[in-house]
Amino acid sequence: MKVSDEFRDGLIEAIPSLRAFAFSLIGRPDRADDLVQETLTKAWAHHQSFTPGTKLKAWLYTILRNEFYSQMRKKGREVEDVDGAYSRNLAVHPEQLGHLDMNDMNRALGKLAADQREALILVAASGFSYEEAAEICGVAVGTIKSRVNRARNRLAETLGVAGETDYGPDATSEAAIAHTVLHK
Amino acid sequence: MAKDHKDKPDDMNVASDAASVGDGRSRRLDKSVQTAIGTRLRAYYDEVARETIPDRFVELLKQLDSKDTGGKA
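Just so you know, the sequences run in chain order U and Y.
For the first sequence, our numbering assigns the number 949 to the initial residue and increments by one for each residue that follows.
For the second sequence, our numbering assigns the number -18 to the initial residue and increments by one for each residue that follows.
Here chain U stands alone, though its shape is the one from the complex (with noise of 0.2 angstroms):
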C-alpha cells in the first residue's frame, strides 16, 4: 500500500521534533540525525502498522526511542560513554550549540542515566503528558512521574538551578546578591 500523503507531511511536519529528541537523548548532531533517518525509513516501511487517527508524533517518537536503545544494547560499551560523546559533541559543533546554556544543558543531560533522561525530555521538552510519555517508555505512569522527578533534581543540581538556599527568604536576597555581583 502506498503511503498517503497525509502520513507523508505528519512525517516531515515531525523531522524537526524527531531531531531535537534524538540530540537531546545523544548529544551529538551527527548520531543524532543518522537516528531520525533511521526512524523515518523505519516509519516508511512501517506505515500501515500505523493507526490513523493516534498521535502520529507519539508513534514516531516510539520508533526513534526503540531504535535508540536497540543501538546502544548493539554498540555496546561504545555507548556506554555518554559523558564522553556529550563533551566530544561540544568540539565538534561548536557553532550549533552557541552559546554557554546549550553546552551546559547538553552536559548535564548527559549526565543523566538514560531513562531518567528520556522521561524527563519528553515530559518538560517534548510536552507529552505523563500518560503518552509512559505508553512510549512501555512504562506505568508512575515509573514515569518518578523517573522525571529524580532527573528534575539531578538536572537542578548539577546546573545548580537550586540549592539549600532555596528554601527559606534568604533565596531572594543571595540571589539579588549574586547578581549584583555578576553583573557590576
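Warning: the hint list may mix true and false statements.
As the list claims (entries may be wrong) - With a Cα cut of at most 30 angstroms, we get these calculated DSSO-like pairs of lysine-lysine:
| # | chain 1 | residue 1 | chain 2 | residue 2 |
| --- | --- | --- | --- | --- |
| 1 | U | K1093 | U | K1022 |
| 2 | U | K950 | Y | K43 |
| 3 | U | K1005 | U | K1059 |
| 4 | U | K1022 | U | K1005 |
| 5 | Y | K48 | U | K950 |
| 6 | U | K1003 | U | K990 |
| 7 | U | K1022 | Y | K48 |
| 8 | U | K990 | Y | K43 |
| 9 | U | K1093 | U | K1003 |
| 10 | U | K1093 | Y | K12 |
| 11 | U | K990 | Y | K48 |
| 12 | U | K1022 | U | K990 |
| 13 | U | K1023 | U | K990 |
| 14 | Y | K43 | U | K1003 |
| 15 | Y | K12 | U | K1059 |
| 16 | U | K1023 | U | K1059 |
| 17 | U | K1005 | U | K1023 |
| 18 | U | K1093 | U | K1023 |
| 19 | U | K1005 | Y | K12 |
| 20 | U | K1003 | Y | K48 |
| 21 | U | K1005 | Y | K43 |
| 22 | U | K990 | U | K1005 |
| 23 | U | K1005 | U | K950 |
| 24 | Y | K48 | U | K1005 |
| 25 | U | K1022 | U | K1059 |
| 26 | U | K990 | U | K950 |
Keep in mind that the hints were calculated from the coordinates and are not lab data.
Based on the hints, put chain Y in the right spot on chain U.
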C-alpha cells in the same frame, strides 16, 4: 509559615506540618525548580527544533517516495 500556603489545607494542620516539613519543602522547592528547569530544557530543545531541516532528510523522503511509486509497480 502557614500563611504562605492558603491553597494547601494540609499545611494548616500544625502536627502534620511538623511531621512533613521536609516533604512539604521539597515539594515547594520542586515548583520553582520545575519552572526553571523546564524553561531551560525547552529553550535547549527548541534551539535544535528551529534549525533548518538538513538536506539529507529532503533527499531521504524523495528516495522513499520514488521507491514507493517506481519500485514494485
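Hints, verified against the model:
1. Proposed proximity of U/K1093 and U/K1022 is supported: the alpha carbons are some 29 angstroms apart, at most 30 angstroms.
2. For the hint pairing U/K950 with Y/K43, the CA-to-CA distance comes to about 14 angstroms; that is within 30 angstroms, so the pair holds.
3. A hinted pair counts as satisfied when its Cα atoms are at most 30 angstroms apart, and U/K1005 with U/K1059 qualifies at roughly 27 angstroms.
4. Between U/K1022 and U/K1005 the alpha-carbon distance is near 26 angstroms, which keeps this suggested pair within the 30 angstroms criterion.
5. For a cut-off of 30 angstroms, the pair hint linking Y/K48 to U/K950 stands: about 10 angstroms separates their Cα positions.
6. Taken as a hint, the U/K1003 and U/K990 pair is honoured in the structure, with Cα atoms around 17 angstroms apart against an allowance of 30 angstroms.
7. Between the alpha carbons of U/K1022 and Y/K48 the distance comes to roughly 28 angstroms, so the proposed pair stays at or under 30 angstroms and holds.
8. Distance check on the hinted pair: U/K990 and Y/K43 sit about 15 angstroms apart at the alpha-carbon level, within 30 angstroms; holds.
9. Only pairs whose Cα atoms come within 30 angstroms are accepted, and U/K1093 paired with U/K1003 is accepted, the gap being roughly 21 angstroms.
10. As the CA atoms of U/K1093 and Y/K12 are separated by approximately 14 angstroms, the hinted pair is consistent with the 30 angstroms bound.
11. With a C-alpha separation of about 14 angstroms, the suggested pair U/K990 and Y/K48 falls inside the 30 angstroms cut-off, and the hint holds.
12. Simply put, U/K1022 and U/K990 have alpha-carbon atoms about 18 angstroms apart, close enough for the 30 angstroms limit, and the pair holds.
13. For the hint linking U/K1023 to U/K990, the alpha-carbon distance of about 19 angstroms falls within 30 angstroms, and the restraint holds.
14. The hinted pair formed by Y/K43 and U/K1003 meets the criterion: a straight-line CA distance of about 24 angstroms does not exceed 30 angstroms.
15. For the given pair, Y/K12 sits about 22 angstroms from U/K1059 by alpha-carbon distance, which is consistent with the 30 angstroms threshold.
16. With a CA separation close to 19 angstroms, the supplied pair U/K1023 and U/K1059 stays within the 30 angstroms bound.
17. For the proposed pair U/K1005 and U/K1023, the alpha carbon gap of about 27 angstroms is at most 30 angstroms, so the pair holds.
18. A distance of roughly 29 angstroms separates the Cα atoms of U/K1093 and U/K1023; the hinted pair therefore holds under the 30 angstroms criterion.
19. This hinted pair checks out: U/K1005 and Y/K12 have alpha carbons roughly 28 angstroms apart, not beyond 30 angstroms.
20. With a C-alpha separation of about 26 angstroms, the suggested pair U/K1003 and Y/K48 falls inside the 30 angstroms cut-off, and the hint holds.
21. At most 30 angstroms may separate the alpha-carbon atoms for a hinted pair to count; U/K1005 and Y/K43 meet this at roughly 21 angstroms.
22. For the proposed pair U/K990 and U/K1005, the alpha carbon gap of about 14 angstroms is at most 30 angstroms, so the pair holds.
23. Distance hint between U/K1005 and U/K950 is fulfilled; the C-alpha atoms sit about 20 angstroms from each other, no more than 30 angstroms.
24. With a C-alpha separation of about 24 angstroms, the suggested pair Y/K48 and U/K1005 falls inside the 30 angstroms cut-off, and the hint holds.
25. With a CA separation close to 21 angstroms, the supplied pair U/K1022 and U/K1059 stays within the 30 angstroms bound.
26. The straight-line distance between the Cα atoms of U/K990 and U/K950 is roughly 15 angstroms, inside the 30 angstroms bound, and the hint therefore holds.
Hint compliance for this structure: no hint is broken.
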